[in-house]
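*Asks:* Spelled out from the first residue to the last, the chains are:
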Amino acid sequence: MKNLNSIESVKIEGDIIDWKLRIQQLYKDIEKWISGSNFKYKKGPVQIMYEEQMYQNKLPITELDTLDIICDNIYILSLKPKGLWTLEGNGAIDLLHKNGNYTLIDISKPRHKPNWKIYKNIDEEPANFTKRTFLELLH
Amino acid sequence: MLTFNKLGDLYVEIENYYAKREFQARTKGYNRIELDYNLKRKNNDQAYFLFMFTRLEDRIIQITDQLIKNKCESTSNWKKRRSWEVLNIQREKKTIHFMNRVSLLIENNNNLYQLLASYHKQRNIIAHGGNFTIPINMVHVIANMKTLHKSLNYN
Chain H
16 MKNLNSIESV KIEGDIIDWK LRIQQLYKDI EKWISGSNFK YKKGPVQIMY
66 EEQMYQNKLP ITELDTLDII CDNIYILSLK PKGLWTLEGN GAIDLLHKNG
116 NYTLIDISKP RHKPNWKIYK NIDEEPANFT KRTFLELLH
Chain L
876 MLTFNKLGDL YVEIENYYAK REFQARTKGY NRIELDYNLK RKNNDQAYFL
926 FMFTRLEDRI IQITDQLIKN KCESTSNWKK RRSWEVLNIQ REKKTIHFMN
976 RVSLLIENNN NLYQLLASYH KQRNIIAHGG NFTIPINMVH VIANMKTLHK
1026 SLNYN
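Quick note, the sequences are listed as chains H and L, same order.
Quick note: the first sequence uses the working numbering, first residue 16, plus one each step.
Quick note: the second sequence uses the working numbering, first residue 876, plus one each step.
Errors might be hidden in some of the hints.
Stated by the list, open to error - Cross-link-like lysine to any residue pairs, in silico, SDA-like; alpha carbons within 25 Å at most:
(1) L/Lys881 - H/Gly115
(2) L/Lys895 - H/Asn53
(3) H/Lys135 - L/Lys881
(4) L/Lys917 - H/Gln71
(5) L/Lys881 - L/Ser949
(6) H/Lys113 - L/Lys895
(7) H/Lys58 - L/Lys895
Unchecked claim - Take a look, some chain L residues computed to stay more than 12 Å from chain H by CB distance:
(8) Asp884
(9) Tyr893
(10) Arg901
(11) Glu948
(12) Thr950
(13) Asn963
(14) His972
(15) Met974
(16) Ser993
(17) Gln997
Honestly, the hints are just simulated from the structure, not real lab data.
Predicted, not measured: the structure shown is a model, and the values here were computed from it.
We put the beta carbon where it would ideally sit given N, CA and C, even for glycine.
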């Protein structure tokens, strides 16, 4: 039983590392998309990650990066990871803005290449999260 | 009774109200207020998830009750009717497990069955106050619940 638990812990740790890498890559893409524009990015305060699987497997709290998009000293958008083991999706990130929130959901299977979709409205089909869809959010 | 569309709209209104304030607090560096609104949003997700799931639950109970009654009334061959009669007794005593009702409508290996099973599990965790509840992507869940609500029938 102890071995099974440690196998599960290793898997969960791997999932967390994978989640952090997916977030890092997403932020890098965004930084690239806005380079040369009036928009600037800034790392926001780190966010605590402590989800049920971590608690059950006695894994410690960890930290996740957040990202703010700013234009002329005005905050336009803040990206904050919502959770890895979410109901629906393989991880989700909040995109907070002055009028509310959009949700980014990775609909890929665990440990697969990320497939980010942006959910802006409950009556709209989610769109692929690309440079174009991202820049549209900023204007 | 509030429709799924109306519930979805109410959810979005509250979600955006809290999200706006969370964002404002973040831009001013008010970390505690930011955290407070983030928690309110999570609670709102759970409340509306539960609210909407109960609507879906009611619909599934209604449809399966009707299915069982119809089968009992329309099946003359006792050998074909007997299992429905057992279910009918359970229906009257309200002892049919929810996921068994779902099995009367959808095959167990179907994705929709798995989806409903995961929603039902989450509903029980929220309703019985577990220490942890997984984050719910409500925009996705609302769309799925609307589809399920429309598409479930006993044909």
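*Asks:* Each of the hints needs a verdict: does it hold here or not?
*Replies:* To see whether the hints hold, each was checked on the structure:
{"no.": "1", "hint": "L/Lys881 - H/Gly115", "in the structure": "holds (19 Å)"}
{"no.": "2", "hint": "L/Lys895 - H/Asn53", "in the structure": "holds (23 Å)"}
{"no.": "3", "hint": "H/Lys135 - L/Lys881", "in the structure": "holds (17 Å)"}
{"no.": "4", "hint": "L/Lys917 - H/Gln71", "in the structure": "holds (21 Å)"}
{"no.": "5", "hint": "L/Lys881 - L/Ser949", "in the structure": "violated (37 Å)"}
{"no.": "6", "hint": "H/Lys113 - L/Lys895", "in the structure": "holds (5 Å)"}
{"no.": "7", "hint": "H/Lys58 - L/Lys895", "in the structure": "holds (20 Å)"}
{"no.": "8", "hint": "Asp884", "in the structure": "violated (8 Å)"}
{"no.": "9", "hint": "Tyr893", "in the structure": "violated (9 Å)"}
{"no.": "10", "hint": "Arg901", "in the structure": "violated (6 Å)"}
{"no.": "11", "hint": "Glu948", "in the structure": "holds (39 Å)"}
{"no.": "12", "hint": "Thr950", "in the structure": "holds (39 Å)"}
{"no.": "13", "hint": "Asn963", "in the structure": "holds (34 Å)"}
{"no.": "14", "hint": "His972", "in the structure": "holds (21 Å)"}
{"no.": "15", "hint": "Met974", "in the structure": "holds (17 Å)"}
{"no.": "16", "hint": "Ser993", "in the structure": "violated (7 Å)"}
{"no.": "17", "hint": "Gln997", "in the structure": "violated (6 Å)"}
Going down the numbered hints, you'll see the structure goes against 5, 8, 9, 10, 16, 17, while the others check out.
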